[in-house]
Amino acid sequence: MTAVAEGWTPILPYAILAGGALAVFLAASLTKGRPSRVFAPISLLCALGAGLAALCAAPQAGIFAGTLDAGPFARFYQILTCGLTAGAILLLGGYSRRRGFERDELYALTLLAALGMCLLTAAVDWVILFLGLEMLSISLYVIIAAHKDAPQAAEAALKYFVLGAVASSFLLFGIALVYAATGETGVAESLRDAAQHGMEGIALLGFSCILVGLGFKISLAPFHLWTPDVYQGAPAPVTAFLSTGSKVAVFAALLRMALSESPLFARMDPVLWTLAALTMTAAPLGAMTQPSVKRMLAYSSAGHMGYLFMALLAAPIAGPGPIMFYSAVYGIMDMGAFGALSTLSPLDRDADDIMDFRGMGFDRPYAAGALALCLLTLAGLPPTAGFTGKFFLFESALSAGYVWLAVIGVISAIISVYYYLRVLAAMYMRAPEWAPARESAPGSYAVLALACAGALALGLLPAPVLSVMAASAPFTP
Amino acid sequence: MIVPLEHILLLAFILFLMGAVCALARRNLVMILLGLEVMLNAAGIAFVGASLRWMEMDGQAFVLFIMGVAAAEIAVGLALLVYCWRRSGSLDVNVFSRLKG
Amino acid sequence: MTLYGAIFYLLAAIILAATALALTRRALMHAVVYLVNAFFATAMLFYLLGAPLPAAFEVIIYAGAIMVLFLFIIMLMGVKDGRDMDAKKALAVWLPPVFLGAATLAAGWVLITAPAGAKEALPMARATPAELGRFVFDRYWLGVEAVSFLLFAGLAGALFLGKSGDEAGKTAKDGQGGAA
Amino acid sequence: MNAFPLLSTLIFLPLLGALATVLLSRSPALCRAAALGTALAELLLAACAIPLAADPGTILAENAAWIPSFGIRYALAMDGLSGLLVLMTAFLGVLAVLTSFKEITKRPGAYYAFLLAVETSACGVFLAKDLFLFYLFWEVQLVPMFFLIGVWGHEDRRKAALKFFLFSIAGGMLMLLAVIGAWLAQPEGARTFSLAALMAAPAAPHVQNWLFAAFFLAFAVKMPIVPVHTWLPDAHTQAPTAGSVILAGVLLKTGAYGLIRLAFPLFPDAAALSVPLLFVLGLAGLYHASLCALAQTDAKRLVAYSSVAHMALIVIGVAAWNAVSLSGAMLQMINHALTTGGLFIMIGMLSRRSGSRELASFGGVWKRSPVLGAFFLFFCMASAGLPGLNNFVSELLTLVGTWTGHPGVAAAAFAGAVLTLTYVLKLAQGTLFGTPAATQPEQWPDAEPLELCVLSPLAASILYLGFAPQAVLDMLRGPVSDFLPRIPQLFQ
Amino acid sequence: MQANLSLLLALPLFGALVLALLGRRLSRPMVERLACAAIIAAFIAALTALAGAWGETRLVPLFPWFSAGGFSASMDVLYDPLSGIMAVMVTFVSAIIHIHSVGYMRGDESYARYFCYLNLFVFFMLVITLADNLAFLFLGWEGVGFCSYALIGFWFADAERTLAGRKAFVMTRIGDVGFLIAMALFFATLGTLSLSGIIASVSALSVGTATALGLLLLWAAVGKSAQLPLLVWLPDAMAGPTPVSALIHAATMVTAGVYLLMRLFPVLALSQAALAAVGAVGAVTALFASFSALGQRDIKRILAWSTISQVGYMFLGIAAGDLCGGMFHLLAHAFFKSLLFMGAGCVIQALHEEHDIFRMGSRVRTAMPPVFLLFFLGALALAAVPPASGYFSKGRILYATLSHGGGLFTLYWAMGSLAAILTALYTFRLVFVAFFGDPAFPPKTWDIEPLPRFMIHVLWPLGALALLAGGLNLPGNFSGAEWLSHALRTVPGADAEFHGVSELAVSLADAGFCAVGLFLAWMLYGPRTAPGRRGPADPERFAHRMLRSGFGLDALYRKTVLTPFLALSGFMRRVVDEGAVDAAFMSQGVLWARTSMAARRLATGRTSTYLLTFLLGLAAICAVLLAKGA
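Chains as they are written, first to last, in my numbering: chain E, 18 to 494; chain A, 10 to 110; chain C, -7 to 172; chain G, 17 to 508; chain W, -6 to 623.
Under the rule of at most 20 Å between Cα atoms (straight-line distance), these lysine to any residue pairs were calculated in the SDA-like manner: (1) LYS175(G) <-> MET372(E); (2) LYS111(C) <-> GLY215(E); (3) LYS442(G) <-> ALA150(W); (4) LYS442(G) <-> ALA152(W); (5) LYS175(G) <-> ILE371(E); (6) LYS175(G) <-> LEU584(W); (7) LYS621(W) <-> ALA98(C); (8) LYS175(G) <-> ALA576(W); (9) LYS383(G) <-> ARG17(W); (10) LYS122(G) <-> ARG42(G); (11) LYS109(A) <-> ILE371(E); (12) LYS552(W) <-> LEU221(W); (13) LYS552(W) <-> ARG541(W); (14) LYS175(G) <-> GLY572(W); (15) LYS111(C) <-> ILE23(A); (16) LYS442(G) <-> ALA560(W); (17) LYS155(C) <-> ILE66(C); (18) LYS383(G) <-> LEU14(W); (19) LYS109(A) <-> MET590(W); (20) LYS122(G) <-> SER43(G); (21) LYS175(G) <-> PRO449(E); (22) LYS442(G) <-> GLY380(G); (23) LYS118(G) <-> GLY53(G); (24) LYS109(A) <-> ARG594(W).
Calculated from the structure, these hints are not laboratory results. Every value quoted in this text rests on a predicted model; they were computed, and no experiment measured them.
Let the sequences and hints guide you as you build the complete structure.
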């Protein structure tokens, strides 16, 4: 029987996030609806507090309350998601205050979304996994529609809701079938002995439905068409939070499933292979001739999920190290990219078309510099973290023998370099189209600085992060 | 002795697919949400059947949670529906297709 | 084919019929009412399968709360029929989903019925509400907490969208979107 | 192992200089001073590193753990060849900075930063002794070059910069897979990226073929070897003068250096198999590039094709794989950098005066500026391989060495010398002689002092390497004797 | 000895460097004095070196150039009588030409550049003469090629002249490829490039290799000495100043090829085929060039074609194994041909750049008798009129060819003799038309440009030598001491004895040929014949057009080699490089862009389409599972 984590320390991060949300609502009621600047600091404090709690709490290799993993694997992802949430809150603060849609619900729901992510990454039981995912999704549906004046925010929220709800129902039905086939509600146990009870067919159908549901969330190939629309419609900081937080958390859950030595994965290998290959070819196809930078970044995030999925295939053999490292790198670079985008955008609408970026390079040196560095990281060029991340991913894929998948990945990476450089070329090699609005949001510059520092640090000195992950590799199943 | 688990799962599967087809085919947002409810309900049936098969109450506990989640989801969904209906005046899901390409 | 088996197939037939009717109605009100019937039949099915508490909740939450919410919203918007079921495009609109649904059904059917594990009939059993309650709070207390926060988030979200809806009224129709 | 981390400072000094120029970008004069200071300091450092690298006694190396879980170490070492190439990079760096004083007016701070960054990456490539570190520096050199061509280039700069980047990154990414493949080919336990270990235990022959192919493609794109060379003329014509000098003088050499130090020793069996292909590509490159050069109307494109032809000789020299041809090929790497660098600097000066790079816009330069004309004729003759100047020595060594093993190839390459002369004389004819073109402005100053102090050291170094290359050849003897036995099939 | 030799080499180089760096600052007389002094000093050094090391062969290392992995090229000097005498000749003739140039170039303002190139040329020529290592020799070999390119195109304003320079450089470079390959072959077979080393281990060469090396060296010599088939560049090279033609295209550069063959004669001697080939080239070129000289109207072109023909004789001499005869003719030819060129230069300047001999008439003879006398002495030597030097040197070669025996060499002798007749014919045609009677066509101006005295009088030593140089190697029947052959006997391969055919008969035959040529010239172009008939034959007649254009060789090369080559390079650029290779990569990009455009149409923005992907995905996954599973 797996060890049971004693004491209440593992619950601390969740409690801080939940308490934070309530505190924000309480503060809102005290200030009786007048727009006040107190919400941002509170929520930021809670997010960072939760991250710190996860960092300081000594990781016990055990299960908390039968449903939550208190081991290093969950702890790593909690620190990462809390960090990304803090970044998102910082970006959101400056962005929403200047455009007049700063509301307490915005911050509270962000914290709840973070809580959902933590639950999702730490869930050992299907129930908690589903609840975490739902809490994350519901909060995101509302946050995307938060900016009333943005014409397309409503459309993005609606699309995300309709598709997200259908995906959740697929996921739920999949869980039902897997439970029916094995009688286990534990994620790892149910997948491991899926074939013991002679109902392997049902388990396979169930796992397919789960794959479709989660595939939507991390925008794998056939289900990725929503990503560009939602990323373009939603306000830039929200997109930052949506693209980094939710995808990293969902992928953590998928990683947990992959590491459960389940026979299903072996049976599903050709399907997973095709999904990874399809994603890695669909992403560059979508992004290559894309006039809109946000849509390009959306397709590129789908592409990066394709690389991660390739490494997921190799996870049972090569271990979770590379995926966890690349999740951190992906989170940093996407947060940096969308953060820089939100800083560079004028007040009336988000800087989206590539024409808006002309001549930015030298007029807005810091913000454009951050965007340039994040794009280089996305392209996977040394000395940024993108390179070391991609290196580890391909290393794990090749060591597991997926040579042709790695070749497809490399070709997709080559094409991806083109559409990242197109933005760089527009920024630095063309005359500016219009006078850029002066932006002085200290919060967002802090995030950009952290993102750039993270990208370079992980690029040059990945060893410390890797050693943390090596420690977390033998996590409790 | 009641029916074999297989039949219960088939019933759930058919119901699930009917809900899915409705969500996919109908253009009216309300009907899509209804289809969604049917899909969630189908999952509930599968859970209850499975919990009977394994003589465990996990499945039934799951059903309770499903209902909670469904309620929350529908609340937000309908709020969003009304919010979009107010802005666009129509319930057709494809009226919003400015974001494309 | 025991008595209970017969009851099961009867209930299954009722559920399928009611749902099919509900999902193909032009009028939203008719659809909701049919669906309520389907949920009643599902509740009875739950009871049959030894899950009295979920059966009760099915009636209270699904049929009671959610369907009533639907009715309320439909009446609020005063929309009569779905207006999307016009005949001429029906085939083009319905064919792909139905075809895909049928294909998935076929594949799923084979997958479900192929293995031998799920063939023998299930014994009668019942989980009394007291046992289920104690089990839920013993095993899934964290889940309950999570659902509570989930509902709280749903509540906050719905209020947020609803509340500022009227101010946004003046900006209604601006996001007119493409072809009506 | 001396205490002072000489090699790391050699690599990262230009980077510090780059940061300095960015910080000082407010006043152009300070930028220029900082850039020149750094470049000169780097040259000085490289110069005093050469005697250390030359005598076999001292071993210049550095080694530190970097990513232990993958066996990656921050390993540097300098032997004869890399010492020379670093010295050449520093020398060309100084010249590039000097030529940019007059030419670059828009945002000098960023410009010098990128110029010095390219220098850093090049020194990194030459000194890296760990395959991962080599690959990291190999990829890093693309970004600053992309900006140099893209921001400060001429009319069609964006397309040329993108084309340059994509060609190199395509080769680079495939090489990434090969790097991992080489690492995985090692036994499970002792996997490391150190070049020495990888060379000691090469992979199984059939695996080697794939890995060698990927490595060779990446180096072929960078050298460039014929079929994948079409990015070079565009990059050269659009790049600023200093960009062209660094591109031709340094970046092309990283390709050749990679081929000699990495591709051949790491995969000996595959390399032995590929020798006929290399000969075919070398000869095709020599003839194709020479013929294309003859047909050019743009001076810089002509010189770009000429450098493709010169690099083809290196390919032939390496493929012959014997003591004479290999030392000839290595010497050719240095000679080509100096002569082509000189030609590009001269064309930069002339096009700044005449306003365009077309040969038609030059003409009668000897009449209007005899000193410039003399220098231009000097560099043309050096490029044509006139004995007494540097190219002759390396071309003779390369082809005499190739003759001992493959007479047919050497004969064809010797005949190439005639083609070389035809397009060099066309360049000289179009520029120096005849009557000045009508489009030329009246004001046509002869060589300014700044230009003189760029051209004279270059001419002096060419003459020195032409008449007394023995000092350089002695330095190359160590690496040559180290490389040759690594491929038993080729080296009897 | 080493000091002498390094001085001999250093002086011209030092002169050239000083002129190159400081030339523009020094005054005109200073430049002229410096240039001439350098060469005269070099001449003295050559003389003292010759006296000092009389008859011995010394290997003097000067400077270790470079060596890598078994291949070594060092700047050493192989000083033996052959190179000693050659060095003296080169420096002597150069000195006189330098002094003459001072006068000739008095009107030209870029004198510094001219004298710098001239000094540089002398340095490179001395390198060829003295070099032991073939690579060092090649340094000189290409150096003279570059200097001839620079000097032919000296007046660079006129594009026509620079093109002639370029043609010369490219053609000689085609020849040099042979030299490079020969060097590679030497290294491959004997492992060394030093002449002494090669000659020492020449027996190790197989006949096949020797033939190959012989042919390669022949090809190099043909390129440099403008023999068939690479001779079209020399007539065009007359575009340069006349002293340049005198120095480069008469005395020194064109003989460099002959000198190389002499130096490596032991290698040639191994293979009869190689010698026969050298002979063939020599004989045919001699005949071909003498015919072409007949058809020329420009005084310098006549002399150019005559040089080609005389060098053909030297080739013949070597082929016949008579190294000493070849050297004798080389020396004699150097003296009288440079004299003729400088004489022609004076005539041209006097008649205000008049090149066409049919417009000259007797004006120069009457106005400047010394010029005519000097020219006449040179002409006598050229036409091999006894007792001039040409008679003995050419006679010696014809004698050697005839006595070599074998059908082939007798044929060569016959061709040589016919060429001797033609030589006398075109020489006296030149003398009669250019100096006697009135001009067939009205000249542009009638007045005579006065020339500086020293320019003419410096030529007297050459005039004397043209007449008396025969004494250098008087054959036995003229009670000659054959001084030259004794001097060269220690040179490997130069000690061949010839007897078989009586020497007297051959020398009488030579005198006869010269007489026949003179008679024909008198009949056709003599001062007595009527001016009308004496004019140039009808230029359009096929024979004359063929002669004038050197049997149309130049047009042939232009049509069969040059134009197709340029067309090929244009084709390679447009079609192969930009059309095929570049387009292949660019079309990849376009292909990807087009598929991307198509793929983006998939994202219609309609939620219903996106919903479809769910069931589509599930159906596909189940289908794959069933296909794989079942």
